[in-house]
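Residue numbers (full-length UniProt numbering), protein chains in the order written: chain A, 1 to 341; chain B, 1 to 236.
Note that these hints are calculated values from the structure, not bench results. A couple of the hints might just be wrong.
[To be verified] Reference listing, derived: stretches of chain B covered by chain A, where coverage requires no fewer than 3 residues with Cβ under 8 Å from a Cβ of chain A: (1) 71–79; (2) 84–91; (3) 96–103; (4) 217–230.
This structure is a prediction, so every number in the text was calculated from the model and none was measured. Ideal placement from N, C-alpha and C gives every residue a C-beta, glycine not left out.
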Amino acid sequence: MSAIITATALEDTQVKRNPGVMRLCAMAAAAVAVGLTVNMSVTSNGLMSLLTQATIYAVFALGLGFLLKQNGMVSFGHALFFGMAGYLVGAAVTLTGWPVGMVVVLTVAAIGMFAFGLALVIVRVPGIAFGMLTLAIGQSFYVLVSKSRGFTGGADGMNINFPAQVFGMELASFQNPSSMFLICWLVLVALVLLLALLLRTGFGPLTEAIRENEERARFIGFRTLLPRAAVFAVSAMVTAVGGVLSALYTGFVSPESLHWSVSGTVLIMVVLGGSRTLWGPAVGAVVYYLFRDFVGEHTTHWMSIFGVSLIAVIVLWPAGIAGGVMRAATSLQRAAARRLA
Amino acid sequence: MSANYALEARDLSVRYGGVTANDGVSMHLAQGEIRGLIGPNGAGKSTFIDALSGRRAIAAGSVHLAGSDITALGVVERRLLGLSRSFQRTSIFPGMRIGVQMELAASKIPDADPDEVMRELGLDRLAGRVADEISYGDQRRLDIALALVGRPSVLLLDEPMAGLSVEESMKLARHLRNLARNWGVSVLLVEHDMEVVFGISDSITVLETGKLLAEGTPDEVRAHPKVREAYLGSAA
């Protein structure tokens, strides 16, 4: 994969095109500060629990959004990687007794390899057929896990007996909303930063070019299958990290986490937040959870109101909330420049 | 003798189901030569370019680049060996900055200089612009620029002047003439603008219903009775 990612000739142009590394690090530090502030200022256990869930799903949405951003492909089956991560961690912890850190790394790596192999076959299929394939594969695993009554607990799900110490910390830290929110937030920021740095290498413009015009990319000398499969694998690995966080937080994994409706919900978060930026889908996840909680308190028909709101966002801001924010920021910058001129 | 040719097609046939789009067409390009490829609509010109570039599978015949048989090679391998092309419909990366896409194209070819191509085609001033924000004429030049990165030995151009004004067409034609002369690039040019084709081509091949109708210098083709009858008519 390194051969695909390395393209030093692009570095100069990339510096002009993307924010510099220092700027990215500064933005990451600011995001960490926001997380710390939220962590310290929110006293309600219920709200903190909601924000923790939202952040876990923000990681999932980051993975799914990365696929849409760099490959232009919509997956209806990404919950497969989310749920599979929980089951693999649970199985490995129960059966092997290996340190949880090692189990997590091996799980994410295994899902990355599985996704890469799968992608070598399915990313060749264009458009909606690709989406249907991901749906079919995801649902086949959902049915498999639901019907396997033995080890996985079937439809009842599987309890995971984590050891008392995880990553050198008390297990309780991962199952307490306040501390877990901070852990999830830091993981989210780290993943956004890592993906942003990855896109600063030759991998970024190459996958962007393939998304924009795959045939032209081939006619300028690039084989397109491996980069597209690599994007799918990275996306699955990020999603798997979300699944691991969910398993750590609840100590439980159920077949529902593999269901297509979970993929569909996260896709809504991606569309709401916007997939043209890395952080857009994460914003979409947080907005979705807050909306569901606050509007859901007043009416059971919150989904109808959300649907109308989603249509409004798509019509007004086709690039989602992040796209709208970016557009507004650009307009403000231009206005300021005009005033200075 | 074929090693003397930058590109050679021997008895090339392409079929779409029961329809024969190219029927045993042979053609060659010398180094630095510009060859026009003309014919009425449906004559098989674009199919011929698709077959040469590896975009379309051929039913019979062979393609040779600098004497080497490349018939079995794919699009990517042919490009890396120096066979490049542009498209009838502009084929660029619309959402990317021009400088970035040119750098990307150059990253696959050792010692390729995207800046010289941008300078040559007057795109250097647009390097920081996103491709879908520039004019149609500039987009057409970008399409050709992407194909020219790394100075390929052979350039296949499928109606590069389509949609351009007369002034833009003549400007692009002069660029192509200079590139062929200065860089030694061999060009196969499919174009409906007869003034351009006859003005810059060293030789011309005429296709009709997928078959070779005539070939020769512009003057020979212009005087060819079958060509006059089938295609050029009184305009010639």
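How the hints compare with the structure:
1. 71–79: holds (count 3)
2. 84–91: holds (count 4)
3. 96–103: holds (count 6)
4. 217–230: Contact hint for the segment 217–230 of chain B vs chain A: violated, 0 residues under 8 Å.
Consistency note: the structure conflicts with earlier hint 4 alone.
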